[in-house]
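S.K.: One letter stands for each residue in the lines below.
2 protein chains.
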Amino acid sequence: MLTIVGELINTSRPAVKEAVINRNKDAIIDLAIRQAEAGATYIDVNCGNMINNEEETMEWLVNTIQSAVEVPLCIDSPSAAALDVGLGLSRYGRPMINSISDEEERFDTVLPLIKKYNAKIVVLCMDSTGMPVTADDRMKVVRQLHKKLNQAGVADDDMYFDPLVKPISSVGTAGIEVLETIRKIKSDYPNVHFMCGLSNISYGLPNRAILNRLFVVQTMTLGMDGYVLDPTNNKTMADIVTAKALLGKDNYCGGYIKAHRSGLLG
Amino acid sequence: MLTIVGELINTSRPAVKEAVINRNKDAIIDLAIRQAEAGATYIDVNCGNMINNEEETMEWLVNTIQSAVEVPLCIDSPSAAALDVGLGLSRYGRPMINSISDEEERFDTVLPLIKKYNAKIVVLCMDSTGMPVTADDRMKVVRQLHKKLNQAGVADDDMYFDPLVKPISSVGTAGIEVLETIRKIKSDYPNVHFMCGLSNISYGLPNRAILNRLFVVQTMTLGMDGYVLDPTNNKTMADIVTAKALLGKDNYCGGYIKAHRSGLLG
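Each protein sequence line maps, in turn, to chains A and B. For the first sequence, this note's numbering assigns the number 206 to the initial residue and increments by one for each residue that follows. For the second sequence, this note's numbering assigns the number 206 to the initial residue and increments by one for each residue that follows.
FYI, nobody ran anything at the bench for these hints, they're computed from the structure. Hints are not guaranteed to be accurate.
Note: identical chains are not told apart, hence a pair may lie in one copy or across any two.
25 Å max Cα-Cα, derived SDA-like pairs, lysine to any residue [to be verified]:
| hint | residue 1 | residue 2 |
| --- | --- | --- |
| 1 | Lys391 | Ser306 |
| 2 | Lys440 | Ser374 |
| 3 | Lys320 | Pro411 |
| 4 | Lys321 | Met336 |
| 5 | Lys440 | Ser295 |
| 6 | Lys353 | Asp435 |
| 7 | Lys440 | Leu452 |
| 8 | Lys440 | Ser392 |
| 9 | Lys391 | Lys449 |
| 10 | Lys352 | Pro395 |
| 11 | Lys389 | Met336 |
| 12 | Lys353 | Ser375 |
| 13 | Lys371 | Ile462 |
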C-alpha cells in the first residue's frame, strides 16, 4: 500500500496563493478533486507562507477542501497553532501532520498534537545540529526520534520517516545515502513507513522531471512507501503503477492493466 | 561502469535474418555503427536460428561488423562450434561468450572456449533441473557455477551472472526474486558482474516498453551492471544515464548534463 500525499494545495505556488487571497473556492476545490481522482490518498494543506493570517487561511482551506472531497488531509505547517486549527477541522479519516523533527521546540510543540488528534506523523530525519549528510547521520536521528515517539505511545505504523532528500548536483552521493537510509530503517524498524518529497534531488540540474520520476522508482525498489508529489502528473503515476507491478505489489498486475486501459501508460 | 551489449544483430529478428540471407553488408554495418554510437560497449552477434550454416554465417557477420566498428563482440550461440568460429575471428578487445550454464554438456563444451580465447563469460543461473523460480534456487546454481569456474581459473571480474528474468504476468514475484538474487550475489561475490536481458519481464502484458525500462532502473538500484538491450532506444538510454547520476556513478553529473545537451533526455 503506497501513501500518496497530493502536494498541489500549497501557497508557495503563486497560483494557489492568489486563489487563497481571493478566497476562490472553485480553484481550490478543483485542485482537491483532481488530486483525489488521480489517486492521492492524502491531500496536503500548506499555507505556511501566509504569515499574517495562517490560522484563518488554514481554516478556510480545510473547510473548502472538505466541502468537495472526503480524502484525509496532511496538515503541513511550521506553526503549531496552524497545525492545531487544521487538525481540529479534519473530518475524513485520521489526519497526518507534516512534520515533526528532533529540533527541541518543534518536537515539544508537535508531540501533543499527535496525541490530541490521534494523527499520523511525518518524521524528519533532522535535529538541532542541522541537515544530515550520510545515512549514518540520519540513523542517529531516526533512532532518537523513534525512541522518543515510541515512549510517548506513538505506534510504528503511524510514523512516516522522511530521510530528507538533497540535491545530487551538490553532493553526488545524495541519492545513494537516501537509498541506504531506507534500507537501514526497514531493517531496524520493519513496521514504520516512509514519506518524502522528490524535487530536491534534481535541484540545479536540467530536465528535472526525469530525475524526480526515476528517484521514485529507485526509492520504491528499496521499500519506500510514501511520497509527497503531484498525482496529476501522469508520467509519475504511470511509473508508480508500473514499479508496483514489477515489485510484486499488484495482484495479477490488475492495477497495471487497468492503468493501461485508462490510457495512463501512454 | 555499465556494460551495454547491443542486441540488434540477431537473426531471430526477421529484418536481420533477411539481411543475413542476402549477405547485405550495409544493413549489418548500419546496425553495428548505430549501436556503437548509441553507447554499446559490446555488440552481440547471434545467428543461432541459421541452423544449416550457422558457422559460415557467424564468420560473415563477425567480419562484416569488424569492417566497420572496433567494439568488442559478444558471441551468442547455442552451438559451441559457432562460438569457436566467432571468438576466433574477434579482433577488438576481449570477446564475451553468451553463455555458459550448469547444464552438463553446455558447461563442458563452453569452458574450453573461455580459456582458449581468454573470453569474458555470461553465466546463466540455470542447471539441468530447469529454470529457477526463487532467489534461493538461483543462488544454489550461482554457488556451484562460481566454484567450478573459479577452480578452472576464471577470474570473478570476467564472470557476468544472468539471474534469468521471467514474466511477472505468470508469477507476480518474478521481478523481486531477480532483485533479491542481485542483492545476494553482490553480498557473496562482490567482484563478479551481471548481465541480463529484459524483455521477458513484460511478456504477456501491454505497454511492455515501460515495464522493461523501469526494470532496468530497479535492477541498477540493486547493483546490476550489465544489460543486453537495444542501445538505439533513446528512452532506455535516457533512463540509464539518469539512474547512473542518481546512484552517484556520474562524476558531477557530467554524463547526465551531456545527455541533456545532446537532446537524449527529451
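S.K.: Now, for every hint given, state plainly whether the structure supports it.
M.R.: Going down the list of hints, with the structure as the test:
Proximity of lysine 391 to serine 306 under the C-alpha cut-off of 25 Å is restricted to the intra-copy arrangement: shortest distance 19 Å within a copy versus 35 Å between copies. Proximity of lysine 440 to serine 374 under the C-alpha cut-off of 25 Å is found in both arrangements, the shortest distances being 23 Å within a copy and 22 Å between copies. For the identical chains of this complex, lysine 320 and proline 411 are neighbours neither inside a copy (43 Å) nor across copies (47 Å), given an alpha-carbon limit of 25 Å. Proximity of lysine 321 to methionine 336 under the C-alpha cut-off of 25 Å is found in neither arrangement, the shortest distances being 29 Å within a copy and 56 Å between copies.
Taking the closest pair of Cα atoms, lysine 440 and serine 295 never come within 25 Å of each other, the shortest separation being 30 Å inside a single copy and 43 Å across copies. Taking identical chains as interchangeable, the C-alpha atoms of lysine 353 and aspartate 435 are never at most 25 Å apart, the minima being 32 Å within one chain and 52 Å between chains. Proximity of lysine 440 and leucine 452 under a CA criterion of 25 Å is satisfied in both settings, with 18 Å inside one chain copy and 21 Å between copies. In this assembly of identical chains, the alpha carbons of lysine 440 and serine 392 never lie at most 25 Å apart, being 31 Å within a copy and 34 Å across copies at closest.
When the C-alpha separation of lysine 391 and lysine 449 is checked against a cutoff of 25 Å, the pair qualifies both within a copy, at 18 Å, and between copies, at 24 Å. Taking the closest pair of Cα atoms, lysine 352 and proline 395 come within 25 Å of each other only inside a single copy of the chain (15 Å); across copies the shortest separation is 35 Å, beyond that limit. Proximity of lysine 389 to methionine 336 under the C-alpha cut-off of 25 Å is restricted to the intra-copy arrangement: shortest distance 18 Å within a copy versus 32 Å between copies. When the C-alpha separation of lysine 353 and serine 375 is checked against a cutoff of 25 Å, the pair qualifies neither within a copy, at 32 Å, nor between copies, at 45 Å.
For the homomeric pair lysine 371 and isoleucine 462, the shortest alpha-carbon distance between copies (18 Å) is at most 25 Å, but the shortest distance inside one copy (34 Å) is not.
Consistency with the previously given hints fails for numbers 3, 4, 5, 6, 8, 12, ordered from lowest to highest.
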